[in-house]
Every structure is written in C-alpha cells, then in structure tokens.
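Whole structure, please, built from the sequences with the hints as guidance.
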Amino acid sequence: MANQNEMTKYLQAFIEGIISSGVTQAVISPGSRSTPLALLLHRQEKIKTYVEVDERSAAFFALGLSKASDKPVVLLCTSGTAGANYYPAICEARASHIPLLVLTTDRPHELRQVGAPQAMDQFHLFQSHVKLFVEMAIPEGTKEMLDYAYWQGMRSTDAACQLPKGPVHLNFPLREPLLPDLSQSLATEQRTEIIAGKQLLSKDQMLHCVNAWQGKKGVLVVGGSHTPEEAVSFIELASALNWPIISDPLANIQSCGKDSPLIMSCADLFIQEVKMEQHPEVIVRFGMLPISKNTMFWLQSLKESETTIYFVDETGEWQDQLKQAQLSIQAEEQAFIQSIKENTTIKTPNSWRDQWIEWQKIAEQQLQEVTELNQLTETSASILVHKKMTTGGQLFVSNSNAIRFLDRFSTTGNSQYHLFGNRGINGIDGIVSTALGVCAIKPERQNMLLIGDLAMYHDMNGLLLAKSYDLPLTIVLLNNNGGGIFSFLSQRQLEKEDFEPIFGTPIHLDFSLVADLYGAEYTKAETLDELDELLEKTKTQPKFQIIEIVGEREENVDLYEQVIEGLKEKLR
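Per the working numbering, the very first residue in the sequence shown carries number 315; after that it's consecutive.
The set of hints was computed from the structure by calculation and includes no laboratory data. If you're wondering where the values come from, they're calculated on a predicted model, not measured in any experiment. Incorrect hints may appear among the rest.
With a cut-off of at most 25 angstroms between alpha-carbon atoms, the simulated DMTMM-like pairs for lysine to aspartate or glutamate come out as follows [stated by the list, open to error]: (1) K701 - E672; (2) K857 - D830; (3) K756 - D384; (4) K589 - E683; (5) K360 - D472.
Here it is in structure tokens:
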C-alpha cells in the first residue's frame with residue numbers, strides 16, 4: 315500500500331507539471347503496465363482523453379490533434395512492442411515539428427534483461443527522432459521526488475513546444491501493484507508559468523534584408539505548413555515587394571481566402587516551359603521546398619552570379635535541400651515578415667511581376683480548355699473538393715497523387731479553409747488517423763479527407779476512431795486500384811509483369827464493405843455533378859461517410875500530359 319500511495323502522488327505530480335505547460339489532451343493505448351498513468355489521466359478533468367487500441371493509429375491520431383490545436387498532446391502506452399508501433403508517427407512529428415509528449419511505461423530495472431515477459435530495451439527507443447529522452451526515476455513520495463516529477467512534466471512539455479517543435483519521450487519504470495490510489499486528490503498546489511520570447515533580428519540586420527530586396531526582381535518561395543492567417547502575411551509581403559509567390563499547397567496560400575494576382579498557383583505547370591527574358595535577382599525561401607519538382611528544377615537552374623538566394627529558417631535546422639542559400643536568416647517567420655513589410659518603401663517595377671501574371675493566366679486558360687476536367691476523374695474530383703471547401707473548413711490531403719493534383723491544378727479559392735497533410739516524411743501510413751485527429755479538434759466544421767486507395771487500406775484501423783468518437787469526417791476516396799503515383803515516375807517504363815506486382819500493387823478491395831464495417835455512409839459518385847451535390851451537403855451536414863471515385867491510373871497521366879502539351883503551344 316505504501317508503494318501504491320507513493321506512486322500515485324509521484325505520477326499525479328508529473329501530470330500537474332504537464333498541465334502547467336499546456337497539455338489538455340491525451341491519447342491512451344490500453345495496456346497493463348501503463349494502468350496508473352492511464353487511470354490518472356482519464357480521471358483528470360483538465361485533460362480530455364481518447365482511447366485507441368491500435369498503437370500506430372493512436373500515435374497518428376495524437377499527431378492530428380496537435381496539428382489542428384497547435385498544442386502539445388500526450389501519447390501513452392504500455393511496455394514492450396507497444397511503443398515501437400508509435401515509431402512512424404514519432405518520425406513524422408519530428409520532421410514536421412509537431413509537439414508530442416510520448417510516455418512509455420516499462421518494467422522496473424530489476425525485471426529488465428532477465429527474460430521477464432513484455433520487456434524490451436526502451437532506453438532511447440526513438441533515437442534521434444525525439445528532441446529529448448528522459449528515463450524517469452522509480453516513483454517515490456518524498457517532497458524532493460514529487461518536485462522532480464512535477465519539474466520533469468513541465469520541462470519536457472516545454473521542450474516539445476520550443477522551436478523547433480517536436481516529440482519528447484519519457485520512459486516510466488513502474489513496480490506493481492499498478493492500481494493507483496484513486497481516493498487521493500487529483501490536484502496539487504504547484505503552479506509554474508512559462509514566458510518565452512521570439513527570435514528576432516536586430517534593426518540593422520532587418521534593414522540589410524529590406525535594402526537588398528526592395529526594388530529588385532524577386533520571387534517568394536514558401537514551403538512547409540502554415541495556417542491560413544500566416545498565409546495572408548506571406549501574400550501581403552509579396553504585395554509589398556511586388557513579387558510573385560510560389561508555394562506548397564500546405565502553406566495555405568491558395569486556401570486562405572485572400573486572392574492576389576501574385577499567387578502562382580500553376581507554377582508547377584508553367585515554370586519549366588517558359589522562356590524568361592528577365593531573370594530573378596533575389597529568391598527568398600521560407601521553410602522546406604514546395605512539393606513541386608518543376609519548381610525545384612527551376613531553382614537548381616539559377617546561376618549564383620545572377621541570383622542571390624535567401625533562406626529564412628526559423629527552426630535553425632538548416633533544412634535547405636538544395637544547399638544554395640547565400641544568406642540564412644534564423645528568425646521567427648511571422649515577426650520577420652511583419653518587420654520587412656513595415657519597412658519596405660520601394661516596389662519592384664510592374665514589368666517583372668506582369669510576365670509572371672501572364673504565365674499564370676495562360677496556365678489557367680489551358681486548364682479551362684481541357685474538356686476532360688469537366689468529366690469525373692480523380693484529378694477533377696480533387697479540384698472540386700478544393701472548390702467546395704467552406705470558410706472555416708478543414709481538409710486533410712494524403713500523400714502521393716492526392717496532394718499533387720491539388721498542387722498542379724487548383725487555383726485560388728474564395729473560402730478560407732485550413733489544408734493539412736503529413737509532409738514531414740511524406741509517408742502514406744497513418745493518414746486516416748491523423749485526419750481524424752484534426753477532425754476531433756473542430757468536429758462541428760466541414761471536415762474532409764482526400765486520399766488514395768492504398769493509403770486508405772494502410773490505415774483502415776484508424777476508422778474505428780470515427781466510429782468510437784462520432785467524428786464526422788467525409789472521406790473522398792480516389793480509387794485507381796493501386797499505386798497511381800508510380801504511373802508518373804520512371805517505373806512506368808517497366809513491362810506490365812514487373813510493374814503491376816511491385817509498383818501497381820492492385821488490392822481489389824470493396825470499400826463499401828469497409829464503410830459498413832466501421833459504420834460510415836457509403837456512396838460511389840458516378841458523375842461530377844453528383845460529387846458536387848454530395849460535397850455541397852458537407853458544408854452544413856457533417857457526417858462520417860466515404861465517397862468513392864473510381865478512376866484509372868493512366869487517365870491521370872494522360873490528362874497531365876495533355877495540359878502540358880497545350881500549355882507549350884500557348885507559350886510559344
């Protein structure tokens with residue numbers, strides 16, 4: 315009983331520490347060794363808890379909760395291989411700067427490496443994919459150890475939230491009995507506040523950038539994930555400088571509700587096809603490279619003697635894939651942008667931006683002339699999903715083809731919605747669960763997931779979360795019965811007998827049965843008008859449903875090539 319009492323006080327002190335640092339949500343993967351932490355978290359009124367049996371799904375769900383709330387989220391599991399199933403989501407969180415507090419419970423030291431059941435080496439389990447690892451002490455009830463537990467909870471959560479944000483791992487060795495003393499108070503008098511500042515440039519450093527940029531022929535290139543509000547500030551910066559802006563879909567430039575002729579939403583289509591009579595003097599990059607390979611090839615083609623490249627890197631992690639930057643600016647992005655806008659007084663001549671605006675108009679005209687986009691295909695369905703998003707809605711887009719359809723073919727929308735994705739590692743695992751985590755933050759809104767059949771299959775277990783917590787996610791399923799992305803890559807040159815089993819990987823699943831298993835409504839859209847009607851209803855009638863679009867892999871490639879050929883003709 316003494317051990318039970320001390321363990322309860324110790325773990326409760328830790329929980330009070332994470333609450334002090336801003337934790338309000340936790341995802342629990344059930345198990346025996348994690349019993350005391352699971353019960354104390356579940357009974358804590360200040361923390362909303364979710365329970366998911368599948369650890370991989372649970373971890374991605376926590377990732378989605380943190381993405382959409384911009385707050386640290388706790389992830390808890392038992393000992394053994396449970397924590398290993400968190401690995402893919404931990405890798406994604408580290409690469410995409412999402413704050414997670416990963417709590418693994420463990421056998422006490424006397425039961426390690428002696429053949430005890432459900433025991434494995436959990437020390438530094440996630441290696442370099444976490445910002446911090448803490449091996450917690452065996453619970454004790456002394457004041458010193460209670461202060462230690464509280465301090466570790468507060469400090470570890472704060473570490474997850476400091477730039478660059480990311481996951482932190484704490485391993486808890488716990489002795490039996492594992493049931494906590496639930497008669498104890500779930501609150502302590504300990505409270506600590508944290509005040510943190512932003513990394514800012516000096517006035518001289520900021521003015522150096524202003525003087526080097528204003529009046530010059532430049533381009534803004536925005537990668538990474540940004541909120542719609544942050545996206546507006548990028549557009550305002552482009553306007554202050556009179557520069558075109560190229561961005562990743564997840565930067566939300568095209569979905570922030572602010573229209574501007576400077577937004578080059580079709581850059582992926584035209585940037586390798588145009589002949590530039592004027593070349594950029596300045597490129598200012600923010601964050602990781604956009605998804606567009608054509609944009610990457612264009613950046614690689616720039617000559618150092620003609621173009622100066624600046625890289626704004628608020629994480630300080632040197633995520634400059636091209637390693638071209640002549641000046642790396644390590645400062646908080648939004649504060650830096652605001653300073654540049656306020657001090658820019660000279661606009662670049664209109665002749666520079668006008669050629670870009672003309673290219674964008676030509677590309678948009680070409681898209682309007684492609685009659686196949688008026689028929690139901692995976693490409694046209696993706697464009698329609700973007701167009702049917704309502705103000706305040708949330709769209710999660712899967713990797714592989716889905717996000718590329720949006721990048722190539724979607725133009726600026728009138729609604730301000732938030733586009734999410736998992737582009738840290740770019741995997742297709744955990745997409746459904748992450749989207750449901752995003753949905754759980756604002757379930758009253760329009761919540762959409764655009765996903766391919768392989769990614770859907772890869773995370774079907776996650777659908778149980780929608781059923782368990784009544785999460786009204788609309789899944790638009792692009793089903794070409796396999797890995798459609800490979801039809802765009804060099805593997806397409808292979809003979810069918812090699813391509814199909816290794817890269818095509820048809821799965822021949824009836825997704826109406828999947829919908830029935832998890833309690834989702836199911837519809838197979840047969841026409842673009844029918845899809846339009848179904849999507850219109852999601853604006854006011856959110857519900858858990860699967861809308862399937864059956865397509866062909868080759869038609870996506872044929873359509874893209876048709877657009878490019880037509881564009882080449884117009885640009886001659």
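- Sort out which numbered hints this structure fails and list those numbers smallest first. none
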